[in-house]
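Visitor: Chains as they are written, first to last, in my numbering: chain D, 1 to 291; chain H, 1001 to 1291; chain E, 2001 to 2291; chain G, 3001 to 3291.
Simulated from the structure, these hints should not be mistaken for laboratory data.
Note that beta-carbon positions come from the ideal geometry of N, C-alpha and C, so glycine has one too.
Among the hints, a few may not be true.
Examples of chain D residues lying across from chain E (beta carbon under 7 Å, computed) [as the list claims (entries may be wrong)]:
| # | residue |
| --- | --- |
| 1 | Ile158 |
| 2 | Asn252 |
| 3 | Pro254 |
| 4 | Pro256 |
| 5 | Ser259 |
| 6 | Asp263 |
| 7 | Leu266 |
| 8 | Thr267 |
| 9 | Gly272 |
Calculated pairs, EDC-like style, for lysine to aspartate or glutamate (alpha carbon to alpha carbon, straight line, at most 16 Å) [unchecked claim]:
| # | chain 1 | residue 1 | chain 2 | residue 2 |
| --- | --- | --- | --- | --- |
| 10 | G | Lys3102 | G | Asp3066 |
| 11 | E | Lys2239 | E | Asp2066 |
| 12 | E | Lys2130 | E | Glu2144 |
| 13 | H | Lys1193 | D | Glu161 |
| 14 | E | Lys2002 | E | Glu2144 |
| 15 | D | Lys193 | H | Glu1249 |
| 16 | G | Lys3239 | H | Asp1197 |
| 17 | D | Lys239 | E | Glu2249 |
| 18 | H | Lys1193 | D | Glu249 |
| 19 | E | Lys2239 | D | Glu249 |
| 20 | G | Lys3193 | E | Glu2249 |
Protein chains: 4
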Amino acid sequence: MKIGFLGLGQMGAGMAANLLKAGHEVTVYNRSLAKTEPLAQQGAKVAGTVADACTGAAVYSMVADDKALEAMAFGADGILASLPKNAIHISASTISVALSEKLTQAHAKAGQRFVAAPVFGRPEAAAAAKLFVVAAGAPAALAECAPLFEAIGQRSFIFSETPSVANIVKLSGNFLIGSVIEALGEAFALTGKAGVDAHAYLDLLTSTLFNAPVYKTYGGLIAGGVFEPAGFAAPLGQKDIRLTLAAAEALNVPMPIASLLRDRFLTLIAQGGETLDWSAIGKLAAKDSGQ
Amino acid sequence: MKIGFLGLGQMGAGMAANLLKAGHEVTVYNRSLAKTEPLAQQGAKVAGTVADACTGAAVYSMVADDKALEAMAFGADGILASLPKNAIHISASTISVALSEKLTQAHAKAGQRFVAAPVFGRPEAAAAAKLFVVAAGAPAALAECAPLFEAIGQRSFIFSETPSVANIVKLSGNFLIGSVIEALGEAFALTGKAGVDAHAYLDLLTSTLFNAPVYKTYGGLIAGGVFEPAGFAAPLGQKDIRLTLAAAEALNVPMPIASLLRDRFLTLIAQGGETLDWSAIGKLAAKDSGQ
Amino acid sequence: MKIGFLGLGQMGAGMAANLLKAGHEVTVYNRSLAKTEPLAQQGAKVAGTVADACTGAAVYSMVADDKALEAMAFGADGILASLPKNAIHISASTISVALSEKLTQAHAKAGQRFVAAPVFGRPEAAAAAKLFVVAAGAPAALAECAPLFEAIGQRSFIFSETPSVANIVKLSGNFLIGSVIEALGEAFALTGKAGVDAHAYLDLLTSTLFNAPVYKTYGGLIAGGVFEPAGFAAPLGQKDIRLTLAAAEALNVPMPIASLLRDRFLTLIAQGGETLDWSAIGKLAAKDSGQ
Amino acid sequence: MKIGFLGLGQMGAGMAANLLKAGHEVTVYNRSLAKTEPLAQQGAKVAGTVADACTGAAVYSMVADDKALEAMAFGADGILASLPKNAIHISASTISVALSEKLTQAHAKAGQRFVAAPVFGRPEAAAAAKLFVVAAGAPAALAECAPLFEAIGQRSFIFSETPSVANIVKLSGNFLIGSVIEALGEAFALTGKAGVDAHAYLDLLTSTLFNAPVYKTYGGLIAGGVFEPAGFAAPLGQKDIRLTLAAAEALNVPMPIASLLRDRFLTLIAQGGETLDWSAIGKLAAKDSGQ
């Protein structure tokens, strides 16, 4: 399949490489050209503009946030202006429901198709083609994308014909991770003040009921208390909770733990935590308790 | 080892049976005599009073709450009045930190020893000797109890010389489960209102980041929406959150998610949910959102 | 003073009338022409377009929300394109901090001046020239506006040279009212379930420590339980809490009661309360408690 | 009327003095004898024991908390053992609903009567006979107490035949004050970070919608930032919120602002605020926001 790939950050670089390995013909674009080189060595064509990467049957986008995707999608040289009729824009970024809906309409109006296919997994999973793909869109478009999803992930989950539903599912997943961080933070604050060793406590949790990657990863970070360098920085976590709350507001769904997480991120950042990993909110309960 | 066992509910019956299987000489006591029969058939002696079960080197207690344990422990015919000097009272119940501290002092004054050893696991795990034992107390006493813990569980975790610390750890675990229920409830409310099928959504979660028993069990209950018969009834969950908050208050630790859970249980019970499984609080976010 | 007045809703109509009474030469504009008639009878000139009302030394705007003000301010025929150099745009609407900042910059760029001067008070206070004016902007501009503030209000409060600060102060006031509604709702839920008559209880509160208009007004609405017709509709209250939270987020200030109010409004509206007075959130605690 | 008065703290001393002034025959008791002297000079008889003050038609108690009242009420020499048949125990202290119910039953069993009559007002109001009395109990008993209430207060509010209802009303009042402190704290945090002067802001609030003593008093304390010496110490505020939550729990009423206040007091005290005025929780939002 002849496709474009926009955005070669930590995630995108791995995804594009795996698409190449699977035999697809990939034209890559990145704002700073340097990041295209490793891909070029793996056989990718390099596009100098967004438009040059939008000439195939599909174009994948994987960027940091709404702003970055809007900058690529709209405008004279953007995805919408460049993509052929009937081609598919596959958005893998964690973006707002509102932007996903806007893109759905804009692509329809332009005679193109839009699929939302955000992913779960960290850069290592992207490199190893072990991502989980959460996809939504028109069934025919999804069927055409299936080989691409297979190339980058270990499993795909199809949820709806409405693309933005995939974005809601992705956001809800990050909300659930945030809630684990906060709950662990409160439990560590309680047991820590009672004199329990954090690592021994975490060992108990993850050997028993909470034997899941998310408890091991984030519990380890909170117990260790080292939040730099950030694997996923606090402002990104804050952004995802903001987008979750915006999606929930549009549907009139109150989510009190999400509201609490919002307040935690504001506190963390107000107190200078901008460069820390988002799991640093898991220290605030302990801090409140005088530890 | 010659021991007594007090309380043959769903959990206690399995634990006592496994102590017998391991070759210990067990005298069982239960308020209603009927429940002692299956144990008698497995070789247990049956005591007619609490005192009659308190003649060995140790006595295990496994009852519903503080009130039940206080009724057994104090008074003319109770554990404290009956246990030989230097014998050990092993408390496996989920009780308050305050009662655990009170028992620690009372047993010390009586020349006896007290060990707190609550367990994680449901009745099936108790029957299969697959419990996780969380224990705290004087090292020598814990060493003597080790064979008993091995008989009932798959692994023991020792935390402190202060017995009540084991109770805090146990309570914190139930708090973490409650926080999973609430967070899942909010995520289901959001995705459900966006039209996502609850079972498909849960499949995604438990196939990926949240691949842990607690998400499968409670996610399944919330997705299914069937909360009767209760595996663990709402008033018991409410009690454990109450005890968690009491322990946290004694240590000056604010736990906002625990406060939220407290309010959720009050709402559930005010609206007639007394007989439901505690995971029914996972429907309140959806209800608030008009689903 | 020769001025324009944009927006003749319940508030604007009273304000414009009082400006006329004070001897100012007022040209009024309203989207639907019908509302201009009573003012014309009181001596106002009627403008057919926004631009026609923007020919004097100042123009007052008093509209429902950001969207309405943006529609009037920007565009070929808008305030910015029409107002003479050095003239003042006085914004009395409850708008976002972000829009206030945007207008400040846009007017400066256009060689005009911008003053934010939102008001506290209901339509009756507007009609009686009893509003409280909360103003911020360049001191010289505020000095020129002083006679206008005097014409519509009983007292003016000057807060800052930065116009948007007046908007923050106004929003914080509505947040405080919302917090009174919620706290009263919880107190009514508690005392009501204990059998206390709501009106007798309110009489106690407002005869003693809580002898303030806000307790009388909103306490009376909650005790009476009649929320239609709405004096200030739930979506407007929700909007003000949303703008408060947005302003707080921009400054990294966590406001947990504001977060709670946000969730309350979502619940109220999800359950069909869109047409009710915003004080209807004061019934949700009672509802949660099964009353 | 011949009565006893137990507890001559800041509040009780003023109340007893006013009962004397109104012509009642008052026998006073206080744990430390020194405080009885000023009353003796005003004509009071001094009792050496609780029992000696319990010989008239009624006895008033005004002490710090449940523990103090329980110590006076029960035991061989206590109120219950000493009061004549049909005499009335009037409890003015802010105590728990549970203790109020326990006293109601105990006095009934002893052939005595119990009236709960807590008061609103600070020591100056007690000295000036300007308290507000909130009373509940059997109508006949309340009628007999009316002259006593008149002697100490400016107005009485009768709520129920069940004494504990008066305690709930009193607690709900303190909860409402606490909610004002927290809401003001959040509003000050927001406006303060925007550069608004706290005293100017408070002047606006208390000149307009929030023209009530509670806003002036507590707003002034938060704006001033001086919380020592405490007018009402943080642990007392914490106790009243604890009792409010206990009363609400017994009635299955979730009160999220009360839960938030609970967490705020834990934070304040964990961080060393034990000796501060309870309004010091009004600084926590500012602190969280990095101010």
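Visitor: Are the hints correct? Go through all of them and say.
Guide: Structure-based check of each hint:
no. : hint                  : in the structure
1   : Ile158                : violated, 28 Å
2   : Asn252                : holds, 4 Å
3   : Pro254                : holds, 4 Å
4   : Pro256                : holds, 6 Å
5   : Ser259                : holds, 4 Å
6   : Asp263                : holds, 4 Å
7   : Leu266                : holds, 4 Å
8   : Thr267                : holds, 5 Å
9   : Gly272                : violated, 10 Å
10  : G/Lys3102 x G/Asp3066 : holds, 11 Å
11  : E/Lys2239 x E/Asp2066 : holds, 10 Å
12  : E/Lys2130 x E/Glu2144 : violated, 20 Å
13  : H/Lys1193 x D/Glu161  : holds, 15 Å
14  : E/Lys2002 x E/Glu2144 : holds, 12 Å
15  : D/Lys193 x H/Glu1249  : holds, 11 Å
16  : G/Lys3239 x H/Asp1197 : violated, 46 Å
17  : D/Lys239 x E/Glu2249  : holds, 11 Å
18  : H/Lys1193 x D/Glu249  : holds, 11 Å
19  : E/Lys2239 x D/Glu249  : holds, 11 Å
20  : G/Lys3193 x E/Glu2249 : holds, 11 Å
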